[in-house]
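Colleague: Take a look at the letters that make up each chain.
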Amino acid sequence: MTASKTNTGNFFEDFAVGQVLQHATPRTITTGDVAVYNSLYGPRFAVQSSDAFAQAIGYPRTPVDDLIVFHTVFGKSVPDISLNAIANLGYAECRFLEAVYPGDTLSAASEVIGLRENSNRASGVVYVRTTGRNQRGQTVLEFVRWVMVRKRDSASPAPEAIVPKLAERVEPAMLGKAVPKLDRACYDDTLAGSSHRWADYVVGEKIDHADAMTLEEAEHQTATRLYQNTAKVHFNLHEQAQGQFKRRLVYGGVVISLARALSFNGLANAFHVAAINGGRHVAPCFAGDTVYAWSEVVETAEIPGRDDIGALRVRLTAVKNRTCADFPRQNDKGSYVDGVILDLDAWLVLPR
Amino acid sequence: MTASKTNTGNFFEDFAVGQVLQHATPRTITTGDVAVYNSLYGPRFAVQSSDAFAQAIGYPRTPVDDLIVFHTVFGKSVPDISLNAIANLGYAECRFLEAVYPGDTLSAASEVIGLRENSNRASGVVYVRTTGRNQRGQTVLEFVRWVMVRKRDSASPAPEAIVPKLAERVEPAMLGKAVPKLDRACYDDTLAGSSHRWADYVVGEKIDHADAMTLEEAEHQTATRLYQNTAKVHFNLHEQAQGQFKRRLVYGGVVISLARALSFNGLANAFHVAAINGGRHVAPCFAGDTVYAWSEVVETAEIPGRDDIGALRVRLTAVKNRTCADFPRQNDKGSYVDGVILDLDAWLVLPR
Amino acid sequence: MTASKTNTGNFFEDFAVGQVLQHATPRTITTGDVAVYNSLYGPRFAVQSSDAFAQAIGYPRTPVDDLIVFHTVFGKSVPDISLNAIANLGYAECRFLEAVYPGDTLSAASEVIGLRENSNRASGVVYVRTTGRNQRGQTVLEFVRWVMVRKRDSASPAPEAIVPKLAERVEPAMLGKAVPKLDRACYDDTLAGSSHRWADYVVGEKIDHADAMTLEEAEHQTATRLYQNTAKVHFNLHEQAQGQFKRRLVYGGVVISLARALSFNGLANAFHVAAINGGRHVAPCFAGDTVYAWSEVVETAEIPGRDDIGALRVRLTAVKNRTCADFPRQNDKGSYVDGVILDLDAWLVLPR
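Residue numbers (my numbering), protein chains in the order written: chain L, 1 to 352; chain E, 1 to 352; chain G, 1 to 352.
Be a bit skeptical, because a hint or two may be false.
The list treats identical chains as interchangeable, and a pair is accepted whether it falls inside one copy or across any two copies.
[Said to hold, decoys possible] Simulated crosslink set (DSS-like; lysine-lysine; CA at most 30 angstroms straight-line):
1) K333 with K165
2) K232 with K206
3) K206 with K151
4) K165 with K151
5) K232 with K151
6) K151 with K246
7) K206 with K177
8) K206 with K333
9) K177 with K165
Keep in mind that the hints were calculated from the coordinates and are not lab data. Please read these numbers as outputs of a predicted model, since none were measured by experiment.
Please work from the sequences and hints to get the whole structure.
Modeller: Here is the structure:
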C-alpha cells in the first residue's frame, strides 16, 4: 500500500493512440505571473507591457505574453506525458488561437496521435497533440510534440507504429486568430521601439539581436516552477550530479523565452508569436551560460482577410557563450556549429 | 543621540507574561505575492491555482496559500520577538481560521504567554501566542511559538518561570473554519490531480513524495523577504561567515513551504493546511541542499458538522541530499537520522 | 542590409542640445511588479505595504514605491541615452510629482540639456532631463542625469560645450506634491513601526540602519530586468569576463533600493522619497557583496502649505562588507573610505 499514491508518470506502454489525457491543476494567470515572467526575461514588446498601448490599438488590455501561455500549457502536460521522458524531440503545428488576459484560467489536455517503439525496445516515441483552453472552453493554444519515453518493461509488446504526418509549417491563413482587428493608425512606432513594420523585412534578412543574458540556477528554476513544470532534471542537483551532465539542465522553454526577449532588438514590432512551426533544442543549456540570439527571415506572408497585420516566418537561433555577429547556425554539411542551443521556426505577427 | 532610533529588538528582560505586542507593517496580500510564492516553490493544488476550480466548489475565488498567510504573520513578529533569538524552538496550536483572499490586509500581534530563564542565565525561553488578523478584524490565523532569546544583561533578575500547557494536537472540531461548505460533486478529481480522497488514506500509510528541489541563495532570500522577515541569519553572509555555520541559514519556513509543495505528489487533494500541531527544524538547511519529503498518516478524523471534508493528520518529513524511499525519520532510539531537516505535524483537509 | 535593424544606441555625436527623445515601451505597473520588488529588497514602509494603512491616512490605495517609478523611468531611457555610456556620472533635481498606483502606465522622454566633449576627444558628457508620465499625461517624476558616452568617431567635430546649471538641492516648497493631504490622527505609529515623526529628527543625527543584505547574481539581474533596463554590464558575463572587473556589475539602482529598504530600521516613518538632490555611485558592487547602510540628517524643512508632513534631507550612505557603527563615508581629505559604494542626497517625507 505504501507509496501507491505517488505519481510515477506514464511509461511508453501506458499510451495508446486516440487516448485523451486531461491534465491536472488548471491555472489562473495573473498580473503577478506576468511580473515574474518579465523579471526573468526582460521582454519589452509594448503590446504586452502597456495597457494604454494595447488599448489604443484595439485590445481590451495587455494580453499575456504568448510564451507564458505556451509554457503553462506545456507544464501541465509534463506529469502525464514526459515525466519518464529521455528527450523532448520536437514540436510542430503550434498555434496561438485566442488572446489570454490576466484572470483567465488555463487548463490542458493531450491526445495521443502517434506511437513508435524504438529498435532498442527500451523506449519509444510518443506523439501528442496538446490543447490549452480558457475558462470559457475556448482553445487558446494547440501544439504537437513528440518525446522519447522509457518503457516500464522492455519485454512489453510493441504497439503498431503510427507516425502522424505533420505540417512543415502552419498556413498563413491560420495565423492571427489571437489578434483583434488593429487600429494601425494608433500603433505608435516610437513607443513600440522601431519604425520597421511588416513590409520592411525581406526574405533572407539576418538580424543580430546583439544583447545577451547569463543564466543563473535560481532564475531558470524560478521560471520553470512558475509554469508548474515538474520535470526533475531542472531542479534536482542531488540526482543530476550522478547523471550525464553532472548538473541541472535548463528547461528548453527558458531558452525560447530568453531568445524571444532578446529578439526585441531588431524585431520590436513583432509583438505576437502566432505559430511555432518547429523547434529543436540543439544542445543543453546550463546555469552560467550566456545566451545570445539572432533571427533570419525565411518567409513573409500576408494573412488572408487581414490588412492590419502581416506575418514573418523567422528562424530564431539561440547560441551560448559566443556572439552572433557571424550568424552561427549550421555548417556546410548541415550540422549545427558549436554553441548553437536552439533553432526555432516561428511565425511572428507585425503591424502593416 | 546617534543610533537611538535603530531597532535592536527585544531581549529576554523586555518580555513580561500578559504583555501584548502589536507588530508593525500590515501587509496587503496580492496576486503578485501569490505569483512570487508559486515561482519559488511550484505548488500545484488546484484550489489555490485556479479561480475557476475554486469557484466551482464554493469559494468566491482562489484563496491565498495557507503558508503565505503563516509566513507573513510570522515575519511580522520577528522584529519584536525573535530579532535576538538564538533558536526557534517550536510551534503549537496553529490554526487557520478564515480564508485569505488577494486584496486582504494582514496584521499581527503577539501575547507573551510564558517565560523561563535558562540555567546559564544568559538567555531564556519566551512563549508567545501570535494572532494574524485581516482588515475586518477577523482572526485568520493563530499559533504559539517559543524561542530562546538572549538576555541584555546576564545579571538581570529572572522572572517567575511560567510555561504554558500546550495541546498535543488541535481538536478535529476546531478544524475547517477557513473552508466554505464545499460542493463535492463539483470537485473534479482529474483536474485536482488525484482520485484519492479523504477516505482513501489510512493510518500508518507512508507516502514518498518522490520529487525534490535544490535550493539557491537567491531563492530562499527572495522568499524570506517576500514575508518581510528580517532575521539576519538568512541574509547577511558578511556576518554569518564569522559564525557557526560560515554561511547563511535557510529560513525554516522555506523548508516547510517546499515540503508542502512537494507533497502534492501523493496528497494532491489535501488542498488545505488546517492546523499545525507541532514542528521541529531538526537540522539547518543551506543553499545547495536538495530537499526531498515524505508523509506518514498518523490519524484520520471526521470534522463535526462537516460531511464535505475530512481531516488527515500527517507527519510531513523533509530531508536533504537523500531520497525518501526508505522513509527516513528517527532511529530505534528516537534520534533523528542524518539528513532529516523538518518534522512537521499538521492537519490537512481533503474533500470526502 | 543585414543587422541594420539592431539598435546600437546613440553615440555622443548623435545628441544635440534641445533634442527630445521619446523612449520606447510604456509600462503598466501592477501589483505583480510591486510583489517582485518587495521580494527583492524587503521594504517595510506601511504606506506602500498596506492598502488599509494607506487608505486610513488619505491615499486611495497603496501607492507604488517611489523607487519602482524611478527605476522604471530610468530603465526606459537606457537604450537611447546610455547604451554606449562609459559611466553614469550623477543625478540632480529628481522630484516625485504624482503618486503612481498599480494599473498606471508609465512612459518616459528625455531632453538633452547639455553636452561637453572630453579632452581626449573619444567621448563626451551628455546631460538629459528625463520625465516620466502616466497614462493621463501627468508628469510623475523628473530628474537630470549626466553620463559619459563614447563617440562613434573621435574625429567628429566637438559641439559647443553647454553645461547646465543644476540646483544644489530641491527647494522644500517643491516637495510633497505626490502626497495627498494626510490625516495625521489616523497615522498609526505602532503599525508603521516607529514613534519617531518628523520633529523627532535633528540635523547632524546619524542612524545606523544595522541590517544588511548579501546580493546574488540572480537577484540583481531579476531586479534590473523588472525595470526593463538593458544595460549589458549587468547581464552579460561572457562579455564582462573580458572587461575591467571580470564580472557583472550590479545596477546602481539596486544598491539605492536596497539601502532604502534597510533604512526602515531607524527611518520607519520616512514613507516617501520626495526628491533626490544628488547621488554618487562611489564604487562598484558585485554579487556576493553584503550591503549595509546608514543615514545622516543634514537638513530639516517645513513644506510650505503643509502642516501634515515635513521633510528631512538625509545623506544615505551604503557600504559593502563592513558595518556602519562608525558611520563610514569620507576621510579628512574628503576621499571616500574603502567600502563606501553609494552617497545619496535625498529629501524624505514624514508625518508631523
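Colleague: Indicate, hint by hint, whether the structure satisfies it.
Modeller: Quick rundown of the hints versus the structure:
no., hint, in the structure
1, K333 with K165, "within (26 angstroms within a copy, 63 angstroms between copies)"
2, K232 with K206, "between (36 angstroms within a copy, 22 angstroms between copies)"
3, K206 with K151, "between (43 angstroms within a copy, 27 angstroms between copies)"
4, K165 with K151, "within (24 angstroms within a copy, 56 angstroms between copies)"
5, K232 with K151, "within (18 angstroms within a copy, 46 angstroms between copies)"
6, K151 with K246, "within (24 angstroms within a copy, 46 angstroms between copies)"
7, K206 with K177, "within (27 angstroms within a copy, 49 angstroms between copies)"
8, K206 with K333, "within (20 angstroms within a copy, 55 angstroms between copies)"
9, K177 with K165, "within (24 angstroms within a copy, 54 angstroms between copies)"
The structure is consistent with each of the numbered hints, conforming to all of them.
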